[in-house]
Structure formats: C-alpha cells, structure tokens
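Peer 1: Sequence:
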Amino acid sequence: MAFINSQKQRELAITDRAIQYGDGCFSTIGVKQGKLLLWRFHLERLQQTLRRLAINEPDWDQVFLQAKKLAQSFTDRGGIKILISRGGGGRGYSPTGCDDTTVIFSAFNWPTHYKQWQKDGIILGVCQQQLGYSPMLAGMKHLNRLEQVLLKQEVEHKQWLDAVVLNTNDHVIETTASNIFWRKGRVVYTPELIGSGVEGVMRRHVITLLSTLPYTLELGDYSLADLLCADEVFITNALMELVPIMAIDSTYYQQQSLLDVLQKRLYTC
1 MAFINSQKQR ELAITDRAIQ YGDGCFSTIG VKQGKLLLWR FHLERLQQTL RRLAINEPDW
61 DQVFLQAKKL AQSFTDRGGI KILISRGGGG RGYSPTGCDD TTVIFSAFNW PTHYKQWQKD
121 GIILGVCQQQ LGYSPMLAGM KHLNRLEQVL LKQEVEHKQW LDAVVLNTND HVIETTASNI
181 FWRKGRVVYT PELIGSGVEG VMRRHVITLL STLPYTLELG DYSLADLLCA DEVFITNALM
241 ELVPIMAIDS TYYQQQSLLD VLQKRLYTC
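Using my numbering, the first residue of the sequence shown is number 1, and each one after it goes up by one.
No wet-lab data here; the hints were simulated from the structure. Keep in mind that the hints are not guaranteed to be accurate.
Stated by the list, open to error - The list that follows gives simulated cross-link-like pairs (lysine to aspartate or glutamate, DMTMM-like), each with its CA atoms no further than 20 Å apart:
| no. | residue 1 | residue 2 |
| --- | --- | --- |
| 1 | Lys8 | Asp59 |
| 2 | Lys81 | Glu44 |
| 3 | Lys115 | Asp260 |
| 4 | Lys264 | Asp249 |
| 5 | Lys141 | Asp260 |
| 6 | Lys184 | Asp221 |
| 7 | Lys152 | Glu11 |
| 8 | Lys158 | Asp249 |
| 9 | Lys141 | Asp231 |
| 10 | Lys184 | Glu156 |
| 11 | Lys184 | Asp231 |
| 12 | Lys184 | Asp260 |
| 13 | Lys8 | Glu147 |
| 14 | Lys81 | Glu192 |
| 15 | Lys119 | Asp231 |
| 16 | Lys81 | Asp231 |
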C-alpha cells in the first residue's frame with residue numbers, strides 16, 4: 001500500500017529528485033496494535049534532516065494523520081515508511097525552484113524473524129568494506145544509501161545475519177541496518193556518529209532510558225578491540241527494537257542484564 005502526497009498511487013515522476021539524486025530523507029516507523037511507536041522522535045529527526053538539507057517542510061499535521069490512518073490498519077505488528085523528497089526539478093544539481101516537496105507513505109508487514117532474533121540473539125560478522133567519513137551527511141537517514149547496499153551484499157555473500165561496520169578511520173560505527181551498544185561493567189558505550197552513520201530513533205530512545213538507570217553512558221570514537229572486550233552487546237533499530245548479540249566473529253558474549261532491564265521499560269516512557 002503506497003500513497004504519494006496522500007493520494008493512493010504507486011508511480012513517481014522520473015524528474016523527482018529522489019530518483020535523480022537521492023535528494024531527500026526517510027524514516028521507518030514501527031507499529032503495534034494500530035499505534036505509531038516513538039512518533040515524536042521520528043518526527044523530530046525528519047524535521048531536523050529537512051532543515052539540514054534545506055528542503056521545504058510538509059504539513060506535519062497531514063503527515064501524522066496519514067501515518068496514523070495507515071497504522072490503524074494493523075491489528076498486531078507492522079511498519080510504515082515515510083519518504084520525503086525535495087520534489088521535481090530540471091537537470092543539474094541545483095535545487096533552485098524545487099519547492100513542491102513530495103511525501104511518500106508505504107505500509108508493510110513487520111519482519112517476523114525479528115521475534116526470533118529478540119529471543120535468541122544473533123551472531124555478527126565484521127565487514128571488510130568501510131563507511132566514508134562525511135560530517136555533512138552524518139547522522140541523517142538521507143536517501144543516498146549505496147554504502148549500505150554494498151555492505152549488505154558483503155553480509156549476504158558471507159552468509160551472516162548482520163555485521164559490524166567501521167568507517168575509514170577504523171572506528172566502530174554501526175551494523176548494516178542498526179545502531180550498536182555495548183556494556184563493560186557499569187559503563188555503556190555507543191559510537192558518537194559525528195562523521196559517519198545514522199542516528200537511529202531507537203538509539204535515541206535507549207539513550208533516554210539509560211539516563212534513568214544506574215549506568216554511565218559514554219559516546220565517542222571506539223576501535224573494534226574496544227567493542228570485542230565488552231561484557232554485553234546489543235543492536236537497535238525502530239523495527240527490530242533490541243536484539244542481543246551472542247558473538248562477533250569468534251568472540252562470544254553471555255550476559256544481557258542491561259538488555260533485560262531495557263526490554264522491560266522499552267515503551268513505558
């Protein structure tokens with residue numbers, strides 16, 4: 001099911017800058033029993049990204065109403081993707097005159113394998129390919145996702161479920177589709193993401209939850225060795241929520257005490 005500017009349709013003009021240049025952003029929202037999960041964080045990230053890209057903002061009340069309507073079609077779990085493009089334009093990179101923002105909504109079934117991942121955890125590989133260092137784009141969930149396409153190809157070729165990804169400075173950034181946290185004693189670590197990576201909505205939610213718990217959170221630049229010496233590792237995104245990591249390559253983890261606490265509080269605040 002897809003809507004473009006609230007009209008049910010599945011075709012987009014070839015002149016749209018989302019197609020021509022990846023000029024826009026998106027957010028993927030979890031749905032549970034007809035409710036949009038963490039909507040405020042999704043909305044704030046979309047707004048911040050459009051402002052960074054200098055794209056005209058849509059009518060957010062209309063965006064919410066359309067997303068809410070789609071969410072109400074799910075009796076259990078589901079997902080909604082909101083993709084926002086600068087709109088149509090002529091040849092060339094210049095965005096001058098591209099003022100008619102395009103908003104695309106699509107709804108999809110929740111990936112059921114995430115339930116097993118949440119219960120049993122997964123093993124991660126480590127990608128050989130690395131993310132570029134790009135402060136202009138870091139943090140945003142923009143439409144230029146070719147790095148992730150290439151990384152996913154590597155993951156599938158190696159027959160991993162997912163993998164840790166470093167950037168060209170050899171800093172741990174994320175996995176191919178999620179943010180990563182690890183705990184050593186009472187200290188929790190996650191990459192700062194000022195030069196590479198995506199600031200996920202579930203990552204932001206976990207950081208908020210951690211501020212209410214007796215742990216110290218450290219954001220910074222970390223090596224693979226820093227990650228491998230952890231007591232506990234887990235990954236996050238808005239659809240998979242929280243998934244324990246049982247091993248990274250041949251390094252195994254058996255603790256998930258922090259994860260158990262976060263799971264119990266996930267949607268209570």
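Peer 1: Each hint: holds or not?
Peer 2: Hints, one by one, checked against the model:
| no. | hint | in the structure |
| --- | --- | --- |
| 1 | Lys8 to Asp59 | holds, 18 Å |
| 2 | Lys81 to Glu44 | holds, 15 Å |
| 3 | Lys115 to Asp260 | holds, 15 Å |
| 4 | Lys264 to Asp249 | violated, 29 Å |
| 5 | Lys141 to Asp260 | violated, 28 Å |
| 6 | Lys184 to Asp221 | holds, 16 Å |
| 7 | Lys152 to Glu11 | violated, 27 Å |
| 8 | Lys158 to Asp249 | holds, 12 Å |
| 9 | Lys141 to Asp231 | violated, 30 Å |
| 10 | Lys184 to Glu156 | violated, 30 Å |
| 11 | Lys184 to Asp231 | holds, 5 Å |
| 12 | Lys184 to Asp260 | holds, 16 Å |
| 13 | Lys8 to Glu147 | violated, 31 Å |
| 14 | Lys81 to Glu192 | violated, 25 Å |
| 15 | Lys119 to Asp231 | holds, 19 Å |
| 16 | Lys81 to Asp231 | violated, 34 Å |
Against the hints set out earlier in the document, violations occur for numbers 4, 5, 7, 9, 10, 13, 14 and 16.
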